[in-house]
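Trainee: Chain by chain, the residues run as shown.
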Amino acid sequence: MPYFVLVTAILLLTSLSFYSGRNGALTMARGNLRRLHSLPSYYGAYVALWCGIPALLVLIAWTAVQPHVAEWIVIGSLPPEAQALPEGRLRLLVNDIENLASGNITRAEPDSVVMEGAAALRQVHLIGNWAMVAVACALAAAGIAIGRSQLSPDLKARNAVERVMTVVMVLASLIAILTTVGIVLSLLFEAIRFFTFVSPIEFLFGTHWSPQIALREDQAGSSGAFGAVPIFAGTLLITAIAMLVAVPTGLLAAIYMADYASHRFRAVAKPLLEILAGIPTVVYGFFAALTVAPFVRGAGEAIGLDVSSESALAAGLVMGVMIIPFVSSLSDDVINAVPQSLRDASYGLGATKSETIKNVVLPAALPGIVGAIMLAISRAIGETMIVVMAAGLSANLTANPLEAVTTVTVQIVTLLVGDQEFDSPKTLAAFALGLVLFLVTLTLNVIALYVVRKYREQYD
Amino acid sequence: MTELVVEKRERVAAAPRDQQKHLKRRYAAERRFRAYGLTAIVLAVTFLAVLLFSIVSKGYSAFWLHEVALDITFSADVIDPEGTRDPAALSKANYAQLVRESLFERFPEVTDRGDRRALINIVSSGADLTLRRIVLDEPEVIGRTRAVWVKTSDDVDTFLKGLLSRDLPESERRVKDREIEWIDALEADGRIRSAFDTTFFTSGDSREPEQAGIWGAVVGSFYTLVVTLTLSFPVAVLAAIYLEEFAPKNRLTDIIEVNINNLAAVPSIVFGLLGLAVFLSFFGLPRSAPLVGGMVLALMTLPTIIIAARAALKAVPPSIREGALAIGASRVQVVTHHVLPLAMPGILTGTIIGMAQALGETAPLLMIGMVAFIVDIPGGITDPATVLPVQIFLWADSPERAFVAKTSAAIMVLLVFLVLMNAIAVFLRKRFERRW
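Same order as they appear, the protein sequences are chains R and H.
Okay, so the first sequence: first residue is 1 according to the numbering used here, each after it adds one.
Okay, so the second sequence: first residue is 1 according to the numbering used here, each after it adds one.
These are computed hints drawn from the structure, not numbers from a lab.
We put the beta carbon where it would ideally sit given N, CA and C, even for glycine.
Some hints could be false.
[To be verified] Chain R regions said to be covered by chain H (calculated; three or more residues, Cβ under 8 Å): (1) 51-57; (2) 187-198; (3) 352-362; (4) 365-379.
When you get a sec, could you build the whole thing from the sequences and use the hints?
Mentor: The following block contains the structure:
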């Protein structure tokens, strides 16, 4: 909370400095605003920027750096025999110290080294926090002083403020790139670490997946197997089922909406489909696991089929329904973009509506529809909650939709939830799977967006 | 194609009766095709209806809970043997014993140890907390006997709601014959009632279904969304303004644009991996905290809001900009004074839709550890917390029968929030949208 108070204080100072700057400008103007280069509020903003930006920047940098510096100081203050510990043990010790200092539960009863370390760490943090408060406040105050000292009727305050605003806007736009870079780097980095344990060939082409790592060296099956083919196959199976549901239904619904439905029907049905799109996936997952899966199982048993309670069919069906509105709204756009003149020409030749749709509209809209379907596939591959709740965990290599299969996203979740040992191949495997997932969906998206854009230009 | 032509030629040459037949076939095909389209929509809507009906029919019962009236003797020996009436001592007393004694008194014929334990299990294990609250609120109750309504345990409650049939063989029933006997006896005395379950809306998670509530998750969701909104809204609006109003057409802006469109389609779980690797491992931010959850969701909703904001900015006609420029406004002034206010309703609509998306999101939050079992209500953005969808996920995994109803009820609450947010968005669009 002191952090919150500090930020509030700086923001308060900033707004005060705004008024101070504006008043300064008004005094300089002596009743005639034409003496000033810019409007008075720009002078206010000028001073406020001088006050707020350096202080907030230092605050952010300080918060990022302080834990590392504190850790370094504490390690330095530890007794020499503790410092001589191997890297891994030292890390554990530091973890203990940090846990104790922040009031969490430690691994074992803390010994004197840990106690002293924690006390030292708390001391460092206390000093650091107060230093941060002092530096930030001093910077804010200095900023006000500098800003005010520069006030003069000739100061190009507006230009300066607008330049800062443009820079901020550019930075905001760059965050999108930064996010992509962050995703790629973090996935790549961890995946490369994974590939030092398991060769990429084995990962991509191996057919046996059992990521359990033994606790002891001599335990049976101590080396986990990381052949991801069954996972990819499972993902493909569920995606295929989902597409079999979503593409015909979504496409037909879109055609009906675009070319047949009355205005009133559209006004009712379209929002209903949008509701389907707005339902959180965890709700679909609950529904799939609790209602659809038992239903599918019961129906299968009634006709003498042996259906697993976590069948790919149930998960795929529900996922397909989830994607219907996605397919239908994308195809709706595409179908509406086909110029009316093409339709009119077809009607003029005596074609019925359905003939026009089948022979003229759909072929014309095909690239866009293909793009929509690709986006839908990428969505199905990346969908997580439905499969986590309704699909299985064991990696079966099968094409039978009545059996339980697992998917990439399910494996990522099961590998990472709970267990947080960051160096084991087990958790790193999740990042390798994540990388595959990201690359596949990215490829699909890039191609789909390109196709859709290209197609739009054709009729614009 | 040649076949078609040949066929057509033959058709022209054919007798009019054939033509009639052909036409009929074409019209039938037309009607069939139309019916396919309608069926598709009806199917989707039916599924929606089944989904909502299934959730509501499972969940509505969770808002009520059966209570049983016990004659509790607030004996001073148990509560306050030293007679100090010190609240600290009062809150530590063994209230569970009072509940037990009251039950044994009501059913003196139960003497067997196993039976007695079963008898105690009729009442929620949180009943002692109810008694403690009464004593702390009015200490003068000590030494008296009073009828107190306490919650039944989840199994008994499920049975009383009729969700557990009496006709099942005893071995398959969670509530055994002797327990049914006791319940019937209490019911005959008028000692069982159904009451609105306030606990569900006021408490955090619990292992006992009858004591579990969604308030902790709601607060967690609130903090997470606050973080998401404060980070994503300004950044998205600034980025949208730059890309739409200022950016020169060059390679960099092209890359940014392609990037944003791609980010909108990246699976949400990948954002969770990013949060885990960057925010948790690299920057060492706290696990399970709304702060990190909000940051991840902010990155995720950013493209949505940027795309919506750009569409809203694009909808403002150029004449407004030209008019402002003509009277000497700078380009930044044109945007801040004229274009942005006019685009604001559209931007806000997009933002609310993005927030609704973030509210329903689960997968990335699983990655950053917001799945922990957390009983306490979070007090800030760095406290461990969970959010509503994750709570639903956790309860859906619980084996207890009563959690099925709780899960459905939590889903209903989540859907109500989502409907509200979308309604606000629709209202904003309808009320403030201007068409030029």
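Trainee: Now tell me, hint by hint, if it's right for this structure.
Mentor: Hints, one by one, checked against the model:
no.: 1; hint: 51-57; verdict: violated (count 0)
no.: 2; hint: 187-198; verdict: holds (count 3)
no.: 3; hint: 352-362; verdict: holds (count 6)
no.: 4; hint: 365-379; verdict: holds (count 3)
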